[in-house]
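Chemist: Each protein sequence line maps, in turn, to chains D and Y.
In short: position in the first sequence from 1, add 330, done, that's this note's numbering.
In short: position in the second sequence from 1, add 239, done, that's this note's numbering.
One or more hints might be untrue.
Only some residues are given here: those of chain Y computed to face chain D with a beta carbon under 8 Å [unchecked claim]:
no.	residue
1	D288
2	V299
3	D317
4	F525
5	E531
6	G669
7	T678
Rather than coming from a laboratory, the hints here were simulated on the basis of the structure.
The beta-carbon is built from N, C-alpha and C at its ideal position, and this holds for glycine as well.
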Amino acid sequence: MSARITVVGGGSYHWAPRLLADFANTPSLADAQVVLHDLDAERMKRMEELGHEIARRRSIPLAVRSEPDRRRALDGAEFVVTAFSVGGFDSMQHDIEIPQRYGIRQPIGDSVGPGGILRALRSIPVLLDIARDIEATAPDAWLVNVTNPLTALCRSVTSQTGVKTVGLCNEWVGCTWMLSLLLDCGMHELDPVLGGVNHYPLATALKVGTDDGFARLREVLADPAAAANAKIWMDPPERAGWVKTSPAPFWSKLDVIENNRVRLELFSRFGVLPGSGDHHAVEFMPGFVHPGNDYGSEWRVHHYGMPGHRRDADEDVEYYEEMRDASDVTRMPSGELVANLLDGMVTGIARSLPVNLPNRGNVTNLADDAVVEIMGVSDGDGVRGRDTTTVPGILGEFLRRINVVQEWTVSAALRGDRGLVLEAMLADPMAQQLPYEQIVTMTDEMLAATARWLPQFSL
Amino acid sequence: MAPRITIIGGGSYQWAPKLVVDLVNTPSCAEAEIVLHDIDPEPLEPVADFVRHVAKVRNVGMTVSTSLDRREALAGADFVVVTISTGGFASMRHDLEIPGRHGIKQSVGDSVGPGGVMRALRNIPVLVGIARDMEEICPDAWLLNLTNPMTTLCRGITHETNIKSVGLCHEIAGVQFTLSQLLDVEYQDLEFELVGVNHFPIFTALHANGEDLFPRLTALLADPDGLGSAPINVPDWLPAEAKKLAGGIHKRDIADQHRVKFSLFERFGVLPGAGDRHLVEFFPGFLTAESEWGQRWGVKLTTIADRERDAGSHKEDLARSRAADDVPTMPSGEMVAPIIDSFLRNKSRALPLNLPNAGQAPDLPPDVVVEAICIADGAGLRGRDAARLPPALAEWVRRIASSQEATVDAALTGSRERAVEAMMLDPLAGRIDFDHLVTMTDEMLAATAPWLPQFA
C-alpha cells in the first residue's frame, strides 16, 4: 500500500526537491501519495509540478498534489514532515545581528545561543498548532520534524501532545563522511553510540565494522606526519569551505584534521567525539568562538552569518532549477534521513539511523522525556532509541547545561514568559559571555525586534 | 571531662586567638586542653602565651600545649580545627596574578574561579592527609574545617575518609547582621532557611517573630527615598565605639554595599547570602571589564597587599590582646565554640553548616557538600530542611557543583586534564577562550608546582 506523506512547508526550495527525489529513489516510497502544504501558494504549485515531472521522468506512480488548507492536507496522513521557518530571513537577521552588536558572533545561530533561543520562541507555537491539527485529523501519524531548532521544537510537541514525534538531522551523516576520510572506510561501516542533543550529538563509542573506531582514530591523530602524506579518498566539496593546510599537492588526512579541529581536539582530550560540524558544536560550549581567539578563526570555525544563510538559500533555488531543467532525476541520495526513516517503517526492514526522540533512559546524563539525539531503529513498529550511554566528563556536563537552557526555552515559548527567556539567555554558553546587564538589554532588544512573530508574548 | 581541642594551623594570628576567646566564653569549653599545631614554630609561642593569658584573666582551667609534629598534636583529640593555607601568600599571589594577565580579575579568589580551583588543588591533599592521620590516631574525633575553599576541601575529606567532618563559615552571620540593620529586626530573632554551597548560599525563607520578611525587604528596596532617610537598626550589644559610628548610617548606605545580592533577590525572589565580593565569583557576568571589574556593582577586589595588611594587623591585635587586662565577651560569630558546646551538652542549635548532601539540597546531586541549616546536638549533625531553589538559581549552584566535583577529582588524581575541565566549567575561568584557558591552567600549575606534589 502506498505511503501517505504530507509535507508542511512543502514549498521549501531546500526540502521539497530533496525529499521528492529521495522518495523517487526509494522503492518503498516511489508510489507514495505526497501532499504538499505551504503558506506560499506559488511555491507550493512549483514543487507540485516538480513532483509530477519526477514521476513522469521515472515512470513511477509517485502522486504529488498541493493543498492550501492545512487540515485538509493532514487528513489521512501517515507521515507528516514539517519544514518551515517563521519570518524567514526578516526575523532571522535579528537573531544574528543584534547579538553581533553585543560582540556575540554565532557561526549558525539556529539551534542554541541567543539566535537559537529566539527562533525556538517563534517556531514552537506554530509547530504545536500543526501537532494539534494532527491530533484532530490524523492522530496515528508520525510527525517527522526537520525544522530547527530541532530539539526544542520536538520537545514542545512531546511535552504538550500525544503525537508520535521524531526529529531528523543530517549532521551525523557529515561526521561519518569526515571519519570515512580519516579511517579509510565506507560511511556505512561506521556505527556509533550517540548521546546528545541535536547539533551536539556526542559519540561515546564507535565501531568500524568490528574494529574499535576510536582506537583507529587515535592512531591517525597521533601521527600528524603520516596524516600529512595520506591521501583521502574524496576531495572536499567546495561548499565545505575547507582550507588546504598540508604541504602535499593533494588533500590529505592532515587537512581533514585541520578543518575539524574543535571536535577532534575535544575527542583527543576528553575521549568523546562531537558528531556535528565544528560550526554547530562551538555554539554549545564556551571558549571556542571568542574575542580572545578572533571568534574561532584559529580553530577554523566557519561563520555563516546572514550572508552565508542567504547564499545557502540562493543555492537551494539553483539546485531546484537544475533539477527542474534536467532530463532525468538525480540518483544521488540527498543525505537527509527522511526517506530512510520512512522506508524502515513502511517495509518493516529495520534501519539504524540517528534520531531525536524523548529520552527513555538512553542518555543517563539527561532527564527522561528530554529530547535526545541517539541512534535509533526504524521498523514496522515505528522508531525507538537503540542504545544506552553516559557521556563522561566535561562534555556530559556541557550537554546537561545546554539541555537545561533548551527546557527553559520551551517553557518560555509555551508560557510567553519574558523572565524565563532571560534565564535561558543567562545560562546559555554563548550569551553568557556578556556582562549580566548586557544580557538583559540584548534579550529585551531581540524580543522587541521580533515582536510581530511572538504573539504569545505581550510585547 | 574537658575536651581536647587541636588546632591545626594553630599559629594563625587571624584564627586561633578569636577561637580561643569564644571557647573561654563557653562554659563547657572553658577547661579545654588546647593543642596548637603549626608547621611554622614562630607564632606558636605567642599564641600559646595568649591562651594562658586568657585562662588566667578569666581564672578558668583552660590549658595549652604546642607541637610541631602533627601526629603528636592529634593524639587524644576530641575536636580537630583546621585553619591552614598551603603556601600562604607566596602561592596565593599566583592565584590572582596569572588569571589577571589572562583577563580574569577575581574579587577574592579563595572559593571558586581559577584561584579557588588552584587553592583547592593545593589544600585538598593536605586536608585529606590530616583526616587520614585522624583515622589512625583519633578516629572518633570531629574535624571542624574553617579552611578555604571550604566546599571542595570538605568534599575531598568526605570522599576519601570516614572521619566525621563539617565546614564552618561565618559569612551567613554577616548577612544576618546586614538584614537586621535593614529590617529593624534583632539579629537573634531572624529565622531562615538556606541552601547552596559555601560563599554562595541562598536564603529561601526569612522570618522574624512570625512575619515573612521577604515582602518587607522587597518593599524596602523598591523605596529609594525611604532607604535614603531611614537610619539603620543599631543593636544594644554593639560596643560603644561601633554604636557611635552606626548612628550616622542610612539604610541606603548599607543597601549599596549589597547591590549584587539585592539585584538577584529582586529578580529571583530569594536572597544570596554571602558578601557580594564572594557572590560575583559564582556568576560569569558581574566581574567584567564593562563593570570596571565589579566597581559598578560596588565590589572591590581584595588584593594580596590588602591581605598582607590584614595579616599584619592580626599580629598587632594579638600583641595588644596579650597585654590587655580583660577578655572580650562578645561572640566572634565563628561557630567552633557553639558547635562543640552543642556536641558536649546535647544542646540543640540550628546552624548554617557545610555537610554532604543527604537531602538538604534536593536540587543538587547527593553527596556533594552543601551549605544549609543543620541541627547540632549530642547526636551529631544532620540537615534540618529540604530547601528548594527557583530553577534559575538551582542551575547556577548545580553548575558550580560540577566544577567543584571536577576540582576535587583533579586534586585527588593529579590529573591535568581534570584541572582543565574544572576551569572550563568554572564561571570566571570559563569566560576566556579555550587556548588561553589551557595556557593559564598550565602556567598556574607550573608556578605553584612546589605545593602540588600530586601533579609532579
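Chemist: Give me the numbers of the hints this structure contradicts, sorted from smallest to largest.
Modeler: 1, 2, 3, 5 and 7
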